[in-house]
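Participant: Listed below, chain by chain, are the residues.
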Amino acid sequence: MKTKPCLTLDDCKKIGAAAEAEARKNKWNVTIAILDDGGHLLWLERMDGATPANAEIAIEKGRSAAVSRRSTKTWEDRIAGGRTAMLKMPVLPIQGGVPIMVQNECVGAVGVSGVQSHEDEQIANTGIAALG
Amino acid sequence: MKLKTVLTTAVLGAAFAAPGVGLAQQKPAQNPLDVIPEKMPFDIPSGTSITLDRAQAAIAAVMAEAKKRDWRMNIAVVGPSGRLVAFARMDGAQRASINIAEHKARTAALYRRETKVFENAVQQGNLLYILTLDDVIASRGGIPLVEGGKLIGGIGCSGGTGSQDEAVCKVGAATINK
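Keeping their order, the protein sequence lines are chains A and B.
Counting along the first sequence from 1, when you hit position 39 you're at 39 in the numbering used here, and nothing is skipped either side.
In the numbering used here, each residue carries its 1-based index in the second sequence increased by 132.
With the rest of the complex left out, here is chain A (with noise of 0.2 Å):
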């Protein structure tokens, strides 16, 4: 039987902390949250000052990222070079999803949503980072 890893609510916090010190240095009100590999949402904070829609959309950039195990980046490139099919995918094709590769396994994802799409991936990878 093949065994993998699995995100702890520990975990998620470290996450979450890094990611959060990485907005707050920048200024920046944001949504973060973290899913597991199968899209489940496991931790979410929504900083003072996020909106209501940052919420919903940071939970369903890290789904996308998560369920694919590719960054919500890759879709969102692959449908401005032209593969408008793609916009059909279940997926949200918005940069700001990064799944978190643990031992070439996707263990879940991050999702964060509030300021320009670049600045949110900025964000998750550094949620991310701190996992080590």
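Do not rely on the hints blindly, as some may be mistaken.
[Claimed, not checked] Straight-line distance between alpha carbons at most 30 Å, and here's what the computed DSS-like set of lysine-lysine pairs gives: (1) K302/B - K14/A; (2) K171/B - K310/B; (3) K13/A - K2/A; (4) K282/B - K171/B; (5) K310/B - K13/A; (6) K200/B - K13/A.
[Said to hold, decoys possible] Listed next, the stretches of chain A that the computed footprint assigns to chain B, with coverage defined by at least 3 CB atoms under 8 Å from CB atoms of chain B: (7) 35-47; (8) 51-64.
Because the hints were derived from the structure by calculation, they are not lab data.
The beta carbon of each residue, even a glycine, is placed where N, CA and C say it ideally should be.
Fit chain B to the supplied structure of chain A, relying on the hints for placement.
Facilitator: Below, chain B without anything else, positioned relative to chain A:
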């Protein structure tokens, strides 16, 4: 196929017969839903959204209580808009309850009442029409967060029985509701 036809006839037959019997034998009882109360129910004005710090403090309080009882819960806190402010899933908590926790928090905030009110209406009041209202969840464990008479959000817990969910949810709500 044959069985289905028989059942349909039986059900329709009963539906047609019932009103006739009622009219002939007794005066229809007054419908309690026809009563018009003087005041609006659960008339709580909206305030500004709960802050992240306080939402996380409420979740921490729930998790501490759940840990004490060796329960695994999903806990959601929403603002007056019904959208998430903070969420946490304790390790091992039932996955189906992730959405249920959020739903309970949202319903408590948007309807400005505990989800237990809906549970009671359906379960004890037999008011099944409640289930046709938008975004209702008729299960206890969702509590509105009210401060200074204003609604600042809602908290929802799910993972165990409704009674377990409510027990820990109350601990989280108590960090705001005085």
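Participant: Indicate, hint by hint, whether the structure satisfies it.
Facilitator: Now the hints, each set against the structure:
A distance of roughly 27 Å separates the Cα atoms of K302/B and K14/A; the hinted pair therefore holds under the 30 Å criterion. With a C-alpha separation of about 24 Å, the suggested pair K171/B and K310/B falls inside the 30 Å cut-off, and the hint holds. Taking the CA atoms of K13/A and K2/A, the gap is about 27 Å. The hint holds against a cut of 30 Å. Restraint check: the Cα-Cα separation between K282/B and K171/B comes to about 18 Å, which is no more than 30 Å; the hinted pair holds.
Only pairs whose Cα atoms come within 30 Å are accepted, and K310/B paired with K13/A is accepted, the gap being roughly 29 Å. At roughly 20 Å between alpha-carbon atoms, K200/B and K13/A fall within 30 Å of each other, so this suggested pair holds. With 9 residues having a Cβ less than 8 Å from any Cβ of chain B, the stretch 35-47 of chain A passes the three-residue criterion, so the hint holds. Residues of the stretch 51-64 of chain A lying with their CB closer than 8 Å to a CB of chain B number 5, which satisfies the three-residue condition for coverage.
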